[in-house]
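K.L.:
Next come the chains, spelled out residue by residue.
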Amino acid sequence: MESTAELLFILPAIIVAIGGVLVMMIDAFSDDADKSYWTATAVLGLALIFSIRDMFIPGGTAFHDMMVYGGIAAYGGSVVLFGTFLCVLLSRDYLKAIGYHFGEMYSMILFATTGMVILVGANTLITLFLGIETMSVALYVLAGFIKKDKAGIEAALKYFLLGAFATGFLLYGIALLYGASGSIILTDIAATENQGVLFWMGVAMLFVGFFFKISAVPFHMWTPDVYQGAPTNITAYMATAAKAATIVAFILVLGRALYAVQSEWTTVLSTIAVITMILGNLIALVQDNIKRMLAYSSIAHVGYILVGLAAGTATAYSAVMYYIFAYTLMNVGAFGVVAYFEKQKGCDFTSVENYAGLGYKFPLLGVLMSIFMFSLIGVPPFAGFIGKYLVFSAAIAEGLTATVIVAALASVVAVYYYLRVVIYMYMHEAKESYNFVPPTLAFTVTLTIIAALILYFGIIPAGLIEVITNGVSSSTMLEANGISY
Amino acid sequence: MELLLHIVILLPLVGALTLIFFNNEHIIKVFSLVLTTATFVLSLPLLLNFIPGEVNYLSVYGPMVPGIDVKYIVGLDGLSMLLFMLTTFFGPIVVLSGWSYIKDHIRGFYAMVMILQTGSLGVFATLDLFMFYIFFELTQIPMLFLIGIWGGENRIYATVKFFIYTLVGWLLMLVALIYVGTAAGNMLNDGVFTTDWRILTSPEFKLGLVEQTWLFVTFGFAFCIKIPIMPFHSWLPLAHTEAPTPGSVILAAISLKMGTYAVIRYLLPLFPNAAISFAPAIAILGVIGIIYGALVAMVQKDVKKLVAYSSISHMGFIVLGMFAYNTIAMQGAIIQMVNHGLATGALFLIIGMLYERRHTRAISDFGGLSSVVPVMAVMFMIATLASIGLPGLNGFVGEFLILLGSFNSEVLNSYWYVVFAATGVILAAVYMLWMFRRVMFGPVTHEENKNMKDLNFREIALLTPIMIFIVWIGIRPGDFLQYSEVQVEQYLQDQLDKAAEITAEAHYQELPGWASRFYDITPQVVEKINE
Chain A
1 MESTAELLFI
11 LPAIIVAIGG
21 VLVMMIDAFS
31 DDADKSYWTA
41 TAVLGLALIF
51 SIRDMFIPGG
61 TAFHDMMVYG
71 GIAAYGGSVV
81 LFGTFLCVLL
91 SRDYLKAIGY
101 HFGEMYSMIL
111 FATTGMVILV
121 GANTLITLFL
131 GIETMSVALY
141 VLAGFIKKDK
151 AGIEAALKYF
161 LLGAFATGFL
171 LYGIALLYGA
181 SGSIILTDIA
191 ATENQGVLFW
201 MGVAMLFVGF
211 FFKISAVPFH
221 MWTPDVYQGA
231 PTNITAYMAT
241 AAKAATIVAF
251 ILVLGRALYA
261 VQSEWTTVLS
271 TIAVITMILG
281 NLIALVQDNI
291 KRMLAYSSIA
301 HVGYILVGLA
311 AGTATAYSAV
321 MYYIFAYTLM
331 NVGAFGVVAY
341 FEKQKGCDFT
351 SVENYAGLGY
361 KFPLLGVLMS
371 IFMFSLIGVP
381 PFAGFIGKYL
391 VFSAAIAEGL
401 TATVIVAALA
411 SVVAVYYYLR
421 VVIYMYMHEA
431 KESYNFVPPT
441 LAFTVTLTII
451 AALILYFGII
461 PAGLIEVITN
471 GVSSSTMLEA
481 NGISY
Chain B
1001 MELLLHIVIL
1011 LPLVGALTLI
1021 FFNNEHIIKV
1031 FSLVLTTATF
1041 VLSLPLLLNF
1051 IPGEVNYLSV
1061 YGPMVPGIDV
1071 KYIVGLDGLS
1081 MLLFMLTTFF
1091 GPIVVLSGWS
1101 YIKDHIRGFY
1111 AMVMILQTGS
1121 LGVFATLDLF
1131 MFYIFFELTQ
1141 IPMLFLIGIW
1151 GGENRIYATV
1161 KFFIYTLVGW
1171 LLMLVALIYV
1181 GTAAGNMLND
1191 GVFTTDWRIL
1201 TSPEFKLGLV
1211 EQTWLFVTFG
1221 FAFCIKIPIM
1231 PFHSWLPLAH
1241 TEAPTPGSVI
1251 LAAISLKMGT
1261 YAVIRYLLPL
1271 FPNAAISFAP
1281 AIAILGVIGI
1291 IYGALVAMVQ
1301 KDVKKLVAYS
1311 SISHMGFIVL
1321 GMFAYNTIAM
1331 QGAIIQMVNH
1341 GLATGALFLI
1351 IGMLYERRHT
1361 RAISDFGGLS
1371 SVVPVMAVMF
1381 MIATLASIGL
1391 PGLNGFVGEF
1401 LILLGSFNSE
1411 VLNSYWYVVF
1421 AATGVILAAV
1431 YMLWMFRRVM
1441 FGPVTHEENK
1451 NMKDLNFREI
1461 ALLTPIMIFI
1471 VWIGIRPGDF
1481 LQYSEVQVEQ
1491 YLQDQLDKAA
1501 EITAEAHYQE
1511 LPGWASRFYD
1521 ITPQVVEKIN
1531 E
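So the sequence lines, in the order shown, correspond to chains A and B. Going letter by letter, the first sequence gives residues 1 to 485 in my numbering. Going letter by letter, the second sequence gives residues 1001 to 1531 in my numbering.
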């Protein structure tokens, strides 16, 4: 009886899972991929509505402590679903243009999303593992979706092999942690009394698994190749929804299982954060392929997020939660524009130099791309700035001033490569005249809404931050255990 | 009146957004002109109803972010009133100066100018450090595009250098800003982050000496780049030269003032001990800037570059005035900010007009113009003399007050600063008059110059108001100095008091060696103070 009522708490995941099967069935009986597209959009929209509703219910656990609901689980789910929703909206035009508009893509996306929604509500290490693997397996398939593209296949294979390797680490970590603590439930792990070698080995393995999934240096090697080789809409999806989901799960582990030993892992996380920021930004500097550049930039952003995680307070987790939302918007937007231009000229049209003069040819897309780039740089009044500011201030309050100074300097480096796109769009003359198909209305409207949201949450972040703060305090165990804000 | 202040700040931004609905180029220009003029006219009551010595038209909204006490606080006081007016005053002038100069992407151009206008007004009007930061960044992006799209040949390099150079300083400052806000929150605001200027400058907000040193260096670095103080100036000649005329005018007249204004508004009152102890060093940099700028200006072949380097020289005077810790010098620095804006702004405008006629800025391409274009020559003459600091024109007032004040400064405590700074005035006469002679006097050596058209009505109309103020400030400086006089005296006294208090509270044993030496807190001194 009780479990039936509890099903309501994972309603978004159920909807998405059923939706995935439904899309597969539709695809089996119909040649028209548009039907799959519309079904997927509707399913994601519906799940998103329920997920947003859940953000306002008080958090708790369900299914004998297997899942957490409400609080940041619901918030994370909403970010993931919203990111996926936007990616799917932007997919159709792109896939049609490159000739790969098949229904399978949407069902795979929905399956991956199911994994993500489970992942953000994981309260045991097994749920966590299930979520990550459901997500990853679907992503391996999606990365190699363009069968005839060698780079795409290579990307998928690389992703799969390295991903499997990381899964090994993750699973080993889970096993060791279970051995050390006698429980797979996060809150019980927190109560482990004798933290011996076994426990710390487990934590280290678990961290490695997480670092790989969020592509923190030095576990980032797969990211540029995969992001460059995968279809652009899938790159957007991997860079945003997948990363957001993993980071929320990471916060759940840190905030529910490892909060008592925070002082032990702060140094590790801030060290990884520092090298991630530096390396990500420096290598992005010399990239000419815009997808590869955005891949390295996403590595750099993970670095900023890790600064927040290293601080480890409720304020810091709230800041990270805000950051992943802003990051999702900016990256989906940027990849959306890239996908639009790329589909016009085939997959070679990804050099930053190709963008010369495009700002005048497409006034609206130019302005939107500039907004995404400036938001990624982190200048006010865009959401990226608020995200960065919140993370930095939370870290400074915890005494991580040196790390934050590195972060500030690293973001100066970042200015150049983001700016380069804007400069090419507006300050260089177009070398040759291309004939472009004008963007469809749905595409333009979606991107405009993303940009409007970036501006809105950059200027009036108050409401969102309040929701996040409530969510974090109900989903992590910091407050209950009297750990400072 | 509070409402009027909000309207003045936001009107240009609204105008910029409204431009989306216009397509006709002429309508866009007229609309921008009307809007910036309206902004200026609406700002006049703010000046006329101003009460010196307090914060006028104060209004507070917020907090903007829950858990963080960042508020939209705007208000004008003696430190900001004149610069605020200078910004609204230059609005229509900048729009007019681009009237025929800007030919491509007109809508984008005027949108950028007006967004920049709102950003600048916000910078001068806000009384919250965090909002100041946000408004400042709001001025950077339009400037990036102004230089990068409508600039000269080397525009992309110039704009990237300008943008990144500034951002290096300001991102580091953001870290320091968060530190200050957190410290202020813990000390005075129940642990809630705050950057309210009134709290930060209150006598109760005392930062320790070691903290002050680091924060001063970080904030100072950002402001030094913006002012710019030698050796962080290298972006300026490039940006000034490559920017289109309206861009150069905004840069010279308004943007540079944000750096010096930020020093007066935030740097000095927030970290009084560090500021006083660093004052001689920074004053030396200021004096070096005066001489260096003048010497480099002397050898320039390009008129615009010459004026750009003269800017470095003039900004050096302002720096010297600010760090002299003396009412007269500070008053001089405030009025000199306005003067520099007017004189250099006028020079850039006239150079732009020359460039529009001849498409060159090399001094050697001109010569003997005074016989061809007499009206332009007169305007150019007034602006040149104002820039040199001829008595009777505005430049003299500011420089004289700064030199006088610095001479009596107790903090600097040496007349050598003035001796060297004064040579800057002489050098200014040398390079400006020499340039003027080569451009305007002598025989007409180039065939193309013989048929040069004199100023048209628009150009005269946009230069005349500047000339009026150049003469007005020169003859009756009291009309302008009265806005800040009362406040500056109190403001400096408060800082000295606060610095003395912090010194008295500092414990010799707790300080690291370098700090106790730098701030001169040895057991003997502490004993003396206690007695």
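FYI, nobody ran anything at the bench for these hints, they're computed from the structure. Among the hints, erroneous ones may be present.
Covered stretches of chain B (in silico footprint by chain A; criterion: 3 or more residues with CB under 8 Å from a CB of chain A, positions within the stretch not fixed) [as the list claims (entries may be wrong)]:
no., stretch
1, 1129 to 1138
2, 1143 to 1151
3, 1163 to 1177
Where is the CB? At the ideal position from N, CA and C, for every residue including glycine.
K.L.:
Are 3 or more residues of the stretch 1163 to 1177 of chain B near chain A, judged by a Cβ distance of less than 8 Å?
P.N.:
Satisfied; 8 residues make the cut.
K.L.:
Are there at least three residues in the stretch 1129 to 1138 of chain B whose beta carbon sits under 8 Å from a beta carbon of chain A?
P.N.:
holds (count 4)
K.L.:
Counting residues of the stretch 1143 to 1151 of chain B whose CB is closer than 8 Å to a CB in chain A, do you get three or more?
P.N.:
holds (count 4)
Checked against the numbered hints given earlier, the structure satisfies every one of them.
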